[in-house]
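Peer 1: These protein sequence lines map, in sequence, to chains A and B.
One point on numbering: in this note's numbering, the residue at position 238 of the first sequence is 230, and numbering is uninterrupted.
Counting the second sequence from 1 gives a position; this note's numbering is that position plus 302.
Hints listed in this document are in silico derivations from the structure and should not be mistaken for laboratory results.
All values derive from a computational prediction rather than experimental measurement.
For glycine and all other residues, C-beta sits at the position ideal for the given N, C-alpha and C.
Mixed in with the good hints there might be a few duds.
[Said to hold, decoys possible] Not close to chain A: a few residues of chain B, all C-beta gaps over 10 Å, as computed:
| # | residue |
| --- | --- |
| 1 | 322 |
| 2 | 341 |
| 3 | 414 |
| 4 | 445 |
| 5 | 736 |
| 6 | 834 |
| 7 | 1009 |
| 8 | 1044 |
[Claimed, not checked] In silico PhoX-like cross-links for lysine-lysine, where the CA-CA straight-line distance does not exceed 25 Å:
| # | chain 1 | residue 1 | chain 2 | residue 2 |
| --- | --- | --- | --- | --- |
| 9 | A | 212 | B | 714 |
| 10 | B | 576 | B | 608 |
| 11 | A | 188 | B | 406 |
| 12 | B | 783 | A | 212 |
Here's the letter readout for the chains.
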Amino acid sequence: MDKYKDIHSSVSSKKENINDLETLESFRQEFLGKKGSISLAMKELGKLEPNERKKHAEELNIIKDAVLSFVKLKTEEINNEILDKQIKTESLDVTLSVNSSSGTIHPITQVIDEVIAIFADLDFCVAEGPEIETDYNNFTALNTSEHHPARQMHDTFYVNSETDGMQNVMRTHTSPVQIRSMLCQDPPIRLIAPGKTFRCDNDQTHTPMFHQVEGLVIDKESNMGHLKGCLEIFLKSFFETDSLNMRFRPSHFPFTEPSAEVDIGYKKKGNQLIIGEGSNWLEILGCGMVHPNVLRNVNIDPDVYQGYAFGMGIERLAMLKYGISDLRTFFENDIDWNQHYGFSPLNKPTIFGDLS
Amino acid sequence: MKFTISWLKEHLDTQKSDQELIDSLTNIGLEVEDVVNASEIFSNFIVAQVVEEKKHPNADKLKVCRVDIGSDIVDVVCGAPNVEKNMKVVYAPPGSTIPSTQMKLKASKIRGVESLGMMCSEFELGISDDHDGIIKLDDSVKVGQPYAEIAGLNDTMIEIGITPNRQDCLGVSGVARDLSAAGLGTLNKRKIKNNKGKLKSPIQIEIADNQACFAFAGRYIKNVKNIESPDWLKNKLKSIGLRPISALVDITNFVMFDMNRPLHVYDADKINEKIIVRSSQKGESFRALDDKEYHLEDGMCVIADKSKVLGLGGIMGGDETGCTPSTVNVLLESALFDPVNIAKTGRQLSILSDARYRFERGVDPNSVEAGIDLASQLIIEICGGELSETTIAGKIPIINKTISLSIERLRKRLGIDIDEKETQVILKNLGIKTTKKGDDILCEIPSWRQDIGEEADLSEEVIRIKGYESLPTLDIRSPEKVNILILNESQKRISLTKRLLASKSYNELITWSFSSSEESSFYNNLDKLKILNPISEELDVMRPSLIPNLIGAVKKNLARDHNSFSFFEIGNQFLSSNPGDQVCVACGVRAGIKQAKDWRDQENLYDIYDVKRDMIDVINHVLPQKNKLEVIKEAPSWYHPGRSGTLMLNKSIKVGFFGELNPKIVNFYKIKDRINLFEIFLDSVPFISKKSTNKSAFNQSNYQKVYRDFAFVVDSNVDGNDIVMSTLKVDQNLIKSADIFDIFTDPSLGKDKKSLAIKVTMQAQDRTLSENDIQDLCSKIISTIEKETSGTVRS
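Take the sequences, apply the hints, and build the full model.
Peer 2: Okay, structure coming up:
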């Protein structure tokens, strides 16, 4: 032990005044570097007798380990001091505003997605058709012959092309999708068809383009009670209410028989409409049992198959649910409006998540 | 269709309250659109008498009247030319609301003279358009009497919406019939005297073209006086908003609204010899009762005499043969026309009339004779005269329609439990005669219900009267799935793209599917895209591109002082106006300020690389492709030729365009900003199934990556991507990536030269690259680029 006494006391004395990483490193070099005193002593060991060597080696290693663990601890200590100092002195003004811009989904898209989510859960698929239609698909196949008075109520836009001698039209409703779908698919059928529709009308409560969603169910059993059940689930889910006053009222559409219009109850609370409750009625959609002539027109036997159809306006649903008061604003493309009524892109309606 | 409760009760014996009747109408499909209680509206209006009138001291055209209102005598300033002493008038005291203007009266000074209340014209009371003078009441009325009482307005007016199938309810009697079927009372059939008439009609009737006119009944009436109608008749018409004209005309209108039977009455002395119902010939014309000249096409059904067209059958009579106060002899017409011909003619000539409205929906054939009998009875009573017998040309069709109804199918369609007895009662109350045949019920459809054509129609009748509230609410969920997929591939692409773009700070817009031909002409030939009856000149074609409407949105918001625009729309653009000739496009526009100057950043504008990145993000997230996508330096004419490109798949499919909108188009809109945009054809690329996008095994190199930077001086027209591609091709195994990190031009580089610096990443899969490997690669890269670009490496 005596042999290494000098080294030991040198270590003890020198480690006292170390306060930075550089001094620590030279301290380490002094003992453990290539020419450090411990390293040199280690080299000397080889010259000794085996017995001696073992004893000396043990002694020397004790000193070496002490140096190593000191260096390790001291390094940590100094680093901590440096970081503490850094943390203490650094600061940024976190109140400064950052530039965060967000895009929006149009309320029409959002409401269509909500409608799809609800009907997807009821096993409906989504069908589509073109915005320009043949007169046949838009009217005749839907049991609305050329001179049917119902045609005049449609304010149809005509375009400069013909099919089978009849001027093509901009579809006045989504109902021609029924025809297209039934022609290419056998029952059972359960679909909804959201899309753009057009009527030559432009005032406070009409825009020349608007959106509808059509529903169609054809199988062997579906009756008017199912239609009522279907619409009740839909309206309750859409308006997110358990209590919903709903009224079926006889009406007329050439392509359904019997036909009905559906009203929902509402009441006014201040300026707000409360949907579902109350004794005032609000017309919300048209529906009925698919007319046998429509089925005949798509080669489905009305003695075997039956079903129901419904159609409603997307804008109206959006206005009622989200308190939008003016129909025309949907298509005015005012950024401020879109930012106000638009939806976050991550807010995709699902049944398992939130609908709205 | 308007009527009053008292008019309804002439046809319906009922103890039900007004409210019960109103609720029932809606419940049986005759939707109540308006209820106006006249006695409430006119509750303040009373009869008054002018006791003195003198000129207004300060106004030439005004008079100051002393008016006796029963309880008092007041001063009223009046501007009506017909005001005179002792005249009995309708007086509205201060506090009352004038129906036509909704103006609330208050005591006021008119040109310095105190005026209390108002003497009213028909216009002000909302009973006609006549505002030439104030109403002069009959001398027999008493001062102070409520006006509503003497005008017979002590009644409730109901307006119902009639769906196109329910022509039978376009008369008050039909409404009563439907209500009685629903159990609201007993139908009261109007008693019509069967007055045969002794005269022989001097006017022959001939149907030359019976395609459009099935039957024409005519009755000559001699020596009538076409006086003003009696009050009961005038009030009836006024109560439903019609203006009384003269007894003869009023009687025909009354019969039309009472029993849904359009009639026409001719001044018989103006008919040249006989009535001929025939097809019109192109070039013929006539002046109708609405005082307009109509030019006819071939094949319209006209009522003519030997020399001229008298009127359009079932639509509108002619001015020349119309009745006037001096009319003495008349011919009354009650005819039956083909609905299709009426609809077609009405549409061609754009004539709307109550007669057309009824005939094109189908009028009860059995009303031909009943209608002419009721009208001639009223004419004799009111106008006097002598009746001829009724002459009928053509044949009144006998409707004999029987439909078989199965109770089982009825239950199956409606989902209700209804028995045969209940069904038969409902049908019987609707006037449908029923007989049993086997398990079915044979239903004989009455002549007034031409809309009932098959069993399904009967199911509506049954549930309509039973009440829609009796429908059950059934569960539609079934254990067997009908659909495997909810959305198809292109619907998914649209949905994902919308939400991706919105998450990249774009606002989704929805614009018209049409646009202006002026703005659209930049994008395609518009010959095949015209709308024949556009809503306005600005929306006269189907849009050949989504761009014009989006630029319109930019312009509009610029005007509202916005300066940063990120808009997108996903919708169809049209190749032609044939159904289905449409393409789904995602179009995004970015313009103006991308980064406003703030405490951290300088102002930064959007450029084409922003939209290029957005487009590529859409492709990567929504339309991932295994095959090669590349940008080529070409784009359609609406792009800036030097600042645009096309994204190609496999060198053959155009996936989309991006770039700056052609400055010439931007200039057209007088917009100063540069407009950057992309168009992605979402359906252009093939659908990659989930299976084929399965990932290959993960294989990462554990050996060190080496980075080397190179700078080349090349001609300024050399494309950066060419240098990147050439670099990568030097060794596809060892060179992992090559990215341009700096581009600059400087006179020191030489004319039309630029410096382009790339960072190359090298890595081997199986070893650490040696100094030699690296040197070797570097020299290959330099020689390749120098050779291919005629550039030089900068040292």
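Peer 1: Taking the hints in turn, state whether each one holds.
Peer 2: Hint check:
1. 322: 16 Å, holds
2. 341: 25 Å, holds
3. 414: It holds; residue 414 of chain B is separated from chain A by about 42 Å at its closest Cβ, greater than 10 Å.
4. 445: For residue 445 of chain B, whose nearest Cβ neighbour in chain A is about 43 Å away, the distance exceeds 10 Å, so it holds.
5. 736: Consistent with the label, residue 736 of chain B stays out of reach of chain A, its closest Cβ about 19 Å off (over 10 Å).
6. 834: 4 Å, violated
7. 1009: 30 Å, holds
8. 1044: Non-interface label on residue 1044 of chain B holds, nearest chain A Cβ at 26 Å vs cutoff 10 Å.
9. A/212 / B/714: Roughly 10 Å separates the two Cα atoms, so the pair holds.
10. B/576 / B/608: 6 Å, holds
11. A/188 / B/406: Violated - the C-alpha atoms of residue 406 of chain B and residue 188 of chain A are around 45 Å apart, more than 25 Å.
12. B/783 / A/212: 15 Å, holds
Going through the hint list in order, the structure does not satisfy hints 6, 11.
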